[in-house]
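Peer 1: Please build the complete structure, drawing on both the sequences and the hints.
One-letter residues, chain by chain:
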Amino acid sequence: MNEKIIEITGKAVPLRGDDIDTDRIIPARFMKCLTFDGLGQFAFYDVKYGEKGEEKEHVLNSPDFKGHAILISGRNFGCGSSREHAPWALKGMGIRCIIARSYAEIFANNCSSLGIPALAVDENIADELLKMVEDDPAVDFSIDLLGKRLYSGNRTFPFHIPENYRLALVEGRWDTTSMLMESLEDIERANKRLPAFID
Amino acid sequence: MGKTIAQKIFDSHRVDNPSGDINVIKLDAVFCHEITTPIAINDLKSRGKYRVFDKDKIKAVIDHVTPSKDSKTAEQAKIMREWARDLDIKDFFDVGQNGVCHALFPEKGYVRPGYTIIMGDSHTCTHGAFGAFAAGVGTTDLEVGILKGVCAFKSPETLKVELTGTRAKGVYAKDIILHVISRLGVNGATDHVIEFDGSVISDLSMEERMTLCNMAIEAGGTCGICPPDKTTVDYLWPFISNEFSTKEEALKDYVRWASDDDAAFSKILKIDISELEPVSTFGFKPDQVKTVKEMEKTPVDQIYIGSCTNGRIEDLRAAAEVLKGRKLNPSVRGILAPATPQVYRNAVKEGLIDIFMDAGFCVTNPTCGACLGMSNGVLADGEVCASTTNRNFNGRMGKGGMVHLMSPASAAAAGIAGYITDPRSFLVQDGEN
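Read top to bottom, the protein sequences are chains A and B.
For what it's worth, my numbering labels the leading residue of the first sequence as 20, then goes sequentially.
For what it's worth, my numbering labels the leading residue of the second sequence as 47, then goes sequentially.
Some hints here could point you the wrong way.
As a list, the in silico DSS-like pairs of lysine-lysine whose alpha-carbon atoms are at most 25 Å apart [claimed, not checked]:
| hint | chain 1 | residue 1 | chain 2 | residue 2 |
| --- | --- | --- | --- | --- |
| 1 | B | 336 | B | 445 |
| 2 | B | 118 | A | 67 |
| 3 | A | 75 | B | 445 |
| 4 | B | 91 | A | 110 |
| 5 | B | 103 | B | 115 |
| 6 | B | 72 | B | 298 |
Chain B side only, calculated, beta carbon under 10 Å to chain A, not exhaustive [said to hold, decoys possible]:
| hint | residue |
| --- | --- |
| 7 | 81 |
| 8 | 166 |
| 9 | 181 |
| 10 | 248 |
| 11 | 252 |
| 12 | 437 |
| 13 | 441 |
Hints listed in this document are in silico derivations from the structure and should not be mistaken for laboratory results.
We put the beta carbon where it would ideally sit given N, CA and C, even for glycine.
Peer 2: Printed below as a string of C-alpha cells:
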C-alpha cells in the first residue's frame, strides 16, 4: 500500500497554453537516463533556458512561483510522446498536482502511476484560476480528493478526475507497479484458465 | 448491439474487470526499445524480479540512438543487450539487424489481427493497421507488461473515420492522415480508438495503413485500427502459411476482427478525399495543416526522409520518383534513414539508394535518431526541416528548429527546389510514358 493522497495544499504556477507536449516538458535528449531520479532539473528545459543556458524571462523562472506545487495549464496537457520521464520531471521540480482543462490519455495514466492527481477543470475555471495566480502568486489552494472540490479562500471549484484514478489515489493504490506485482497472482491464475489465444 | 474491432479484442483478452470501466487485458506481445525499457529492467532487477512473462512474446530492439553515440546511450544499449541475453529473448535486434521498431516488427511478422500489444512508445498505435489493438504506455505499465503480460485499459470507445473518393496523383497516405488530424484536432480523438474504414482504406497497402495508424496518436487516439482484409493476409502470408492452408482460410479467420454493422461508434467522421491535395504542417502542432501550394516558397534547410511514419520501401520509392535525375538544391542537405535493414537492402537492389545519393543525400543506417532530435540530423536554432516524420512540436528535431511534416514526395520536392513546393510538378504525369 502506498501513501494515501487525499488532500493537497499549496501555491500554484500558471503555465498558459494548450497542447503542451511531453517534448516541451522534457526534451528527448535528456532521456538517456537509466532511472527516473534527478529529472527535475530538465523539466521544461528549453522553455526555461536559452541557447547558452541562460535563464529566459518565463513564469517558470520567476521567483514569484518558485517551489510552488500545483501546476495550472490549458487543454490537452502532456500530449505527444508516451515518455513517463515527463511526469517524473514535473515531480522532480516539486509538482504534486496538475490542474488543466484536459490531458492526453497516456500522460494522465502516467501521472496516476506516480501519485500525481491530474485534475480537469472547465475552460472558464481554468482561465479564472490562471488569472487568480497571475494576480497573486501567493494565493493558496487546497484540493480535496474525497469531496472532489478545489478550494481557494472562500471560493470552491469543481474538477473532474477519472474515478479509478481518484480511488487509486485516495486508497493508496496508485503505484500500479508495486500493487500489481504483489496482487497479480489472481490474474495469473485467470490467465491460465483462458484458452491459448491465436497461437 | 454489435461490437467494434477494439471491443471484440478486449472481450477476447479480458482477464479482469476490477471496476466497470477498467479492463485488465492479456497481451500477445510486448515490444521494447532502449529509451524506455532499461528503466523498467533496472527497476525489475531492484525488486528481485528480473524475468519476463513469456520470452517469446517480448520483441526488443535498439533503435532510437544506434549505433550508440555516447557513453549514456551505450549504457542503455548495453542493458538491453544483457537483458536479452540473460533472459533468452530471441527476438532481439541489435546493431546490424536493427531498425525503427514500428517498421521492423511488422516486417518480421510479429503483428496479427486481433492481437493486443503495448510498448513504451506512443507510436505503437501503428500496429493497429493489422486489425490489432496496440497502444503506447509509460514505463510503469511497460514494466508490469514485461513481468506479467497484462495491461489495464479503460473500455475502448471508437471514433470511425470513413474515407471515400479517389486519391489524386501526388496525394499519399501521409497527406490523408495529416488532413484527418487537421479535421479532428490534436485532441479530437483523446481516449478513443480511431478506426479507419471506407473504400480508400481497402485500396491502401499495409505500409500506407501503417502510415495512417502511426499518426492516430497525433489526434490523441489510443490506437489507430484498420479492419483486416485480403491485403492484410497477403502481407502476412509468409508468416502464416503454416497456420492456414490457403489465403482464403486465413481471410475467413481474420475478418472476425471487423466491426459489426451495428457496432456503436461514439463519432463518425466522413471524408471524401477526391479534392485532397498534397499538404504540409505549418506550426508546432500536427493539426496545423495547409496545402503545399499555400506553403509554396517556404525555405527549408534540411530534408529528412525516414521514421516509423514514412521510412518504408514505398516511401523511398515515392521520394525517388521525384528525385530521379535531379539534384538537391545546394542550400539544402538531404538525409535518408531507411527504416529497417530490409528496406535499406531492397532500396539498394531497386537502385533507389543510387538515386538518393546522386541527388546529394546522406544515407544513414536505420534509426529513429533525428525524428526526436537525438542523433543523425538534429537541427540548429532557426533551421527548418521538411520531414516525413510525425511530430512538428517546438524543438522536437532540435532546440529552436522548425519541422514541416509532409509526404516523402513533398519532402523530396522541397529538397530539389530549396523550398516547399508541389511535388506533382516533379512526377511523371499519367500518359507521359
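Peer 1: With reference to the structure, classify each hint as holding or not holding.
Peer 2: Hints, verified against the model:
Straight-line distance between C-alpha atoms of residue 336 of chain B and residue 445 of chain B comes to about 24 Å, which keeps the hinted pair within the 25 Å bound. Under the criterion of a C-alpha separation no larger than 25 Å, the hint pairing residue 118 of chain B with residue 67 of chain A is consistent with the structure, at around 24 Å. Using a Cα cut-off of 25 Å, the hinted pair residue 75 of chain A and residue 445 of chain B holds, with the two alpha carbons roughly 14 Å apart. Distance restraint check for residue 91 of chain B and residue 110 of chain A: the Cα-Cα separation of roughly 23 Å lies within the 25 Å cut-off, and the hinted pair is therefore satisfied.
A C-alpha spacing of about 29 Å is found between residue 103 of chain B and residue 115 of chain B, which places the hinted pair above 25 Å, so the restraint is violated. Simply put, residue 72 of chain B and residue 298 of chain B have alpha-carbon atoms about 24 Å apart, close enough for the 25 Å limit, and the pair holds. Annotation: interface hint on residue 81 of chain B holds; nearest CB of chain A at approximately 5 Å, less than 10 Å. The beta carbon of residue 166 of chain B comes within 6 Å of a beta carbon in chain A, closer than 10 Å, and the hint placing it at the interface holds.
For residue 181 of chain B, the interface hint holds, since its Cβ comes within 10 Å of a Cβ in chain A; the closest pair sits about 8 Å apart. About 24 Å separates the beta-carbon of residue 248 of chain B from the nearest beta-carbon of chain A, more than 10 Å, and the hint is not met. Given hint, residue 252 of chain B at the interface with chain A, is violated; its Cβ is 19 Å from that chain's nearest Cβ, farther than 10 Å. Checking residue 437 of chain B against chain A: minimum C-beta separation of about 6 Å stays under 10 Å; hint holds.
For the restraint placing residue 441 of chain B at the interface with chain A, the shortest Cβ-Cβ distance is roughly 5 Å, inside the 10 Å limit, so the hint holds.
Checked against the numbered hints above, the structure violates hints 5, 10, 11; every other hint is satisfied.
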